[in-house]
Structures are given as structure tokens and as C-alpha cells.
Amino acid sequence: MSTALAVVGYTFRACLPAKRRLGLLVLAIVTVVFGALAQDSPSGRAAIGIVETPAVVVFALVLPIGALVVGDAVLGSEVRGGVFAFTWLSPARLSTILLGRWLAGTAMTCAALVPAVVLAAIVGGAPEVAASFAVATAAGAACYLAVFVAIGANFRRAPVASLVYVFLIERLLGAALSSIAQISPGWLAAGVLTGSIDDVPDDLVRNGVPQGAAAVARLAIITVIALALALRGLRRLRIAGAAD
Amino acid sequence: MSDPSLVDDATVEIDHVSVWFGPKVALSEVTCSFGPGVTGLLGPNGAGKTTLMRAIAGMLPPNQGHVRVEDLDPRTQREAHRVLALVPEDEAVPEALTARQFVRYTAALHGVTGREAPDAALATVGLTEVADRRLGGFSKGMRQRAKVAAALVGDPRVLVLDEPLNGADPVQRVALIDLFRRLAADGRTVIVSSHVLHEVERLAERVIVLAHGRIAAAGGHRAIRDAMSDRPRRVLVRAPQTRRLASALVSLDSVAGVSIAGEEVTVSTTSAREFARVIAVLARDLDVHLVEVRPLDDSLESLFRELVR
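Each protein sequence line maps, in turn, to chains A and B. Just so it is clear: in the first sequence, position 31 is 1181 by my numbering, and no numbers are missing. Just so it is clear: in the second sequence, position 38 is 110 by my numbering, and no numbers are missing.
Hints listed in this document are in silico derivations from the structure and should not be mistaken for laboratory results. Keep in mind that the hints are not guaranteed to be accurate.
As the list claims (entries may be wrong) - A few chain A residues that don't get close to chain B, going by computed Cβ distances all over 12 Å:
id: 1; residue: 1173
id: 2; residue: 1241
id: 3; residue: 1247
id: 4; residue: 1319
As the list claims (entries may be wrong) - Chain B regions said to be covered by chain A (calculated; three or more residues, Cβ under 8 Å):
id: 5; segment: 131–142
id: 6; segment: 157–163
id: 7; segment: 180–188
id: 8; segment: 250–256
What the hints assert, rightly or not - Taking CB as the label site, the calculated pair distances span:
id: 9; chain 1: B; residue 1: 209; chain 2: A; residue 2: 1277; range: 40 to 50 Å
id: 10; chain 1: A; residue 1: 1351; chain 2: B; residue 2: 206; range: 45 to 55 Å
id: 11; chain 1: B; residue 1: 186; chain 2: A; residue 2: 1367; range: 49 to 59 Å
Here a beta-carbon is modelled for each residue, glycine too, at the ideal position from N, C-alpha and C.
Please construct the entire structure, taking both the sequences and the accompanying hints into account.
Shown next as C-alpha cells:
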């Protein structure tokens, strides 16, 4: 078994305890419930209804929180708990460890949320946007995972730093400043979805945030930068115990 | 080599290493080396043992100085972890994994293919029968053994064990001590810290005593005790006429103080060697029958209590 596969396999088996899995399940159910609400869109178009309600909930709340739950579990939680030492104390390259954790985390987040958004689109009466909703969620999940893994590698209190990032920087500052929104995984993931729907009303498109494929490309760039920062954090990590 | 902190055939070299956490200095200018065989690392809590072990493993970068393991920097050269393994003191283990999955994972990280090596490592620490149980349900001693198995699976030439006997029952302790001695006999460098000092006496040929982040003493047990022979020590004297004996003892130059409890006199002496010479003469002169004369400090525990005072 290759090192990368071993890391991925370990992450699937060991990193997501039952409470966090339950949290993901709740978020998936919330997504589907909001999908049902999209049927009552005042626009009369189900696709627009999806962008108005479930998409907002998914990209502003469900996706970042779900990715935070998983992203912290795959690295930050292990570092704080001392378990990461068993992985660190090996000849495996740190980049391999990092990519393995990120890939597995992204897969776990997508496994929980992508079926939920597809179901939400179908329940909401707009099966034609299910694929783009799924792509937007997956791209956003990959980017968020990289961000939260980077936070886990660089901050001792990663959950607090991650919550500050989501609610203070992304939601609060991002709502006011388009420069923040332009590098926000949540806003960009929403841009991936809105870019795939024809004639989206202007009030549902964030000014300055790229749409469709351009948003995917920007998410990819942010993902690469976040992973580079995570690698830098792993190289500088001080794994200290309570004894000394 | 005259400095007892250093060995000729060093595989692990610590060169003027200092580590601090904010204002707290955990290690201060520590220079020592470790070679094949078992070396015991002793010191009270906060002495810097765990920090030194983590620095050897590369988990903590020294703020000053250098650590080399077989001429590799364990902090920056990942290849160092092919020859080095650490068993951390923390109880933390990946609780969702079974012991077998855990050891197979570390084997895969070390590029060890096949299932023979993980199974052999589990058998070595006596966990074969519970290998398919989750680590979360393991006792502290079983977790320690699982971590030792995970460390052994990569066949390391340098093994760093931070309190590896914690939580192990007496039978397991004997088995683990025997295992570490066998590993050392194979030419491996084994560094062990422990609070159970009589076990370190049985386990390690060489001892390094850490106190307040510095090396307080180094060498064999006997050499350290000899160096301490003129330091204050306590001796228990049991005799029927304790008050008469005690009043005579306090007049001796080598006696710093006495305390009486029933038929026992505890003597604090400034020179154990001198006291051993005069106590027999004194008893004969007083016509007191000495039932027992026993040093209370003849262990590493008392030794490092003395060293770190």
C-alpha cells in the first residue's frame, strides 16, 4: 500500500468520530429541508428558488460548517490531541501527508453534502440545476477543506480561528467588502452555481465575484495557496506535550 | 572520552540544545550523546525529559543548538525517521482503529509492505489476541504496548521511549524490560525515561539525570553513587538503646542530625563513608547491639532527589 493511500485510508477510518459524523448528517438534512422550501419561490422559477433559499443556506452555513467539522478533524484536532505525532514521526513526506488528509477530508465532506444538495434541487423542483449545485458544493468543499487544514496547521486554537474566519471575515466583512467576497470560498461556490443558471436576477449575483468556470478556477487557486500555507505550517509545527 | 555525558560511538548527538516555551526554559545548553545500549533518562516532572525526547525526535525544534540522529537532522530530514522511533508518553492513540490497523498504518508510513511485520510487532508486545479490538477500549498499559509495537514495526536503530512502562502490570513490565534489553543487545540505541527508578536501574547501563533543564549527572549507577559519597545522606540505625546511641551520634563530626522513632534512629550524615567507619566503633564503645544499619538513600530515587535539590 502506498504512503498516500495509507494516509487517505487512515483519515477515513480514524479522523471522523461519531459526533462529527452526526453533525454532518444534521447539516445534510437541513439542506434537504431548505430544498423543499425552494418550491415556493416568488419568481415562479424553481431554479431561481434554489439560488434564493437552499443555496444561500448551503454556501453561507452548511458548507463552511460541514467543512470546518471535517477539516478540523483531519488535522487540527489530531495535532491538539497528540495523535498526529504517530503520522508525523514517519519518513513520509509532509506534502504527501497533507494531500492525503485534504483529499480524504474533501471526499468525506462531499459524501455528506453533495447527495444532500442534489436531493435538495430535486425536492425543490429544479433537477436541472442538481449537477451544477453538486459541482459548486464539491469545489467549495475542496477549497474550504484546504483553508481549514491550513488553519489547523498554523493555529493552536484552530476551531476558534476557523469560526472567526467563517463568521467574522467571510460573512460579516465579506458581505460589506467585495474584495473579501472575491477570495471567499462561500461566495465563490455560490458564483459557480449562479454562473450555470440562465437569466439569474442581478440581485442574486454578487458584484465582482466571478461566476461559473471562472469561480471554479479562482477556488482552485485559493485551494493551492491554502495548501501551501498548510505545508508551511506543518513544517513549523511544534508538537509539545503537557509534561514539559 | 572523559565527559560522562558523551559516548564514543554516538548515534544521537545533542549539542548545546536549549528549548524554551515563552518565558519557561525547558532545556538549557544541554550537551550529551547516546550510543548503542540502554540509557535511562531520569528527572522529576518538569526536568525536561519529555522536551529532550521530543527534540531528539524532531517534534520540537531547539531554539538553540543542534540535534543529530545518525548524522541526520530529525526536524528537517524526514529520512531520519527511518532510523528513529519515539513512543510518546501521552495516552492519546487513534481510538477508532484496532491495534492491528494502527500498526499496519505506521508500517505503511515507513514503507513496510506485507502483513508479517505488523503481526510480528504485535506478537512481540503480546497483543496478538486483542489485535482486532479498538484502541479506544484499551487500558493504559495496552495502549503503551500498542505504541511500542507501532514504533518497532519500522525496525528502528534508535528507539526513544518516554515512560513506556506507565500503566503496565508487573508481568508486562518484566516482559517490556526484557524486550528493551534485547533490542539494545542487538546494537540499537534505546533511550528510556521512567519514574519507576528501580526499573531503570534494572534496565539501563547508563543514566543521565536531568534537573531544571540541565544535566545534573551522567554515567553508570555506581559512578553516580560514588560521586555522591560525600554528599549528605540518611542512614537508618536500629538498636535497643536508641536514646543513648542518639546522644552519642550527635557528637560525631560526620553527623548532621538524628531523629528517633521507637527503636530506630535516622541519621543525617555529611559523609556516608566516614559514618560507616565510626558507627561500628561507637557501638562497641557504648556496648550497644546494632540490629540494623541501612542506608535509606541507596537508590537512584534518592540520588536524583539529592541531585535536584
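Per the stated criterion, does the least C-beta distance between residue 1241/A and chain B lie above 12 Å, as a non-interface residue requires?
violated (5 Å)
With a C-beta cutoff of 8 Å, work out whether three or more residues of the segment 131–142 of chain B approach chain A closely enough for the coverage to hold.
holds (count 3)
Mind checking, does the segment 157–163 of chain B have 3 or more residues with a CB under 8 Å from chain A?
holds (count 5)
Grab the minimum beta-carbon distance between residue 1247/A and chain B and tell me whether it stays above 12 Å.
violated (8 Å)
At a Cβ distance under 8 Å, does chain A reach at least three residues of the segment 250–256 of chain B?
violated (count 0)
Against chain B, does residue 1173/A hold up as non-interface, every C-beta pair farther apart than 12 Å?
Correct as stated: the minimum Cβ-Cβ distance to chain B is 16 Å, above 12 Å.
Whether residue 1319/A stays farther than 12 Å from all C-beta atoms of chain B, as the label says:
holds (28 Å)
Given the range 45 to 55 Å, decide if the beta-carbon distance of residue 1351/A to residue 206/B lies inside it.
Cβ of residue 1351/A to Cβ of residue 206/B: about 53 Å, so the range 45 to 55 Å holds.
Taking the Cβ atom of residue 209/B and the Cβ atom of residue 1277/A, is their distance within the range 40 to 50 Å?
Since the Cβ atoms of residue 209/B and residue 1277/A sit about 46 Å apart, the hinted range of 40 to 50 Å holds.
Please check whether the segment 180–188 of chain B has three or more residues whose CB lies within less than 8 Å of a CB on chain A.
holds (count 5)
Is it true that the C-beta distance of residue 186/B to residue 1367/A lies inside 49 to 59 Å, as the hint says?
violated (43 Å)
The structure is inconsistent with the numbered hints 2, 3, 8, 11, although it conforms to all the rest.
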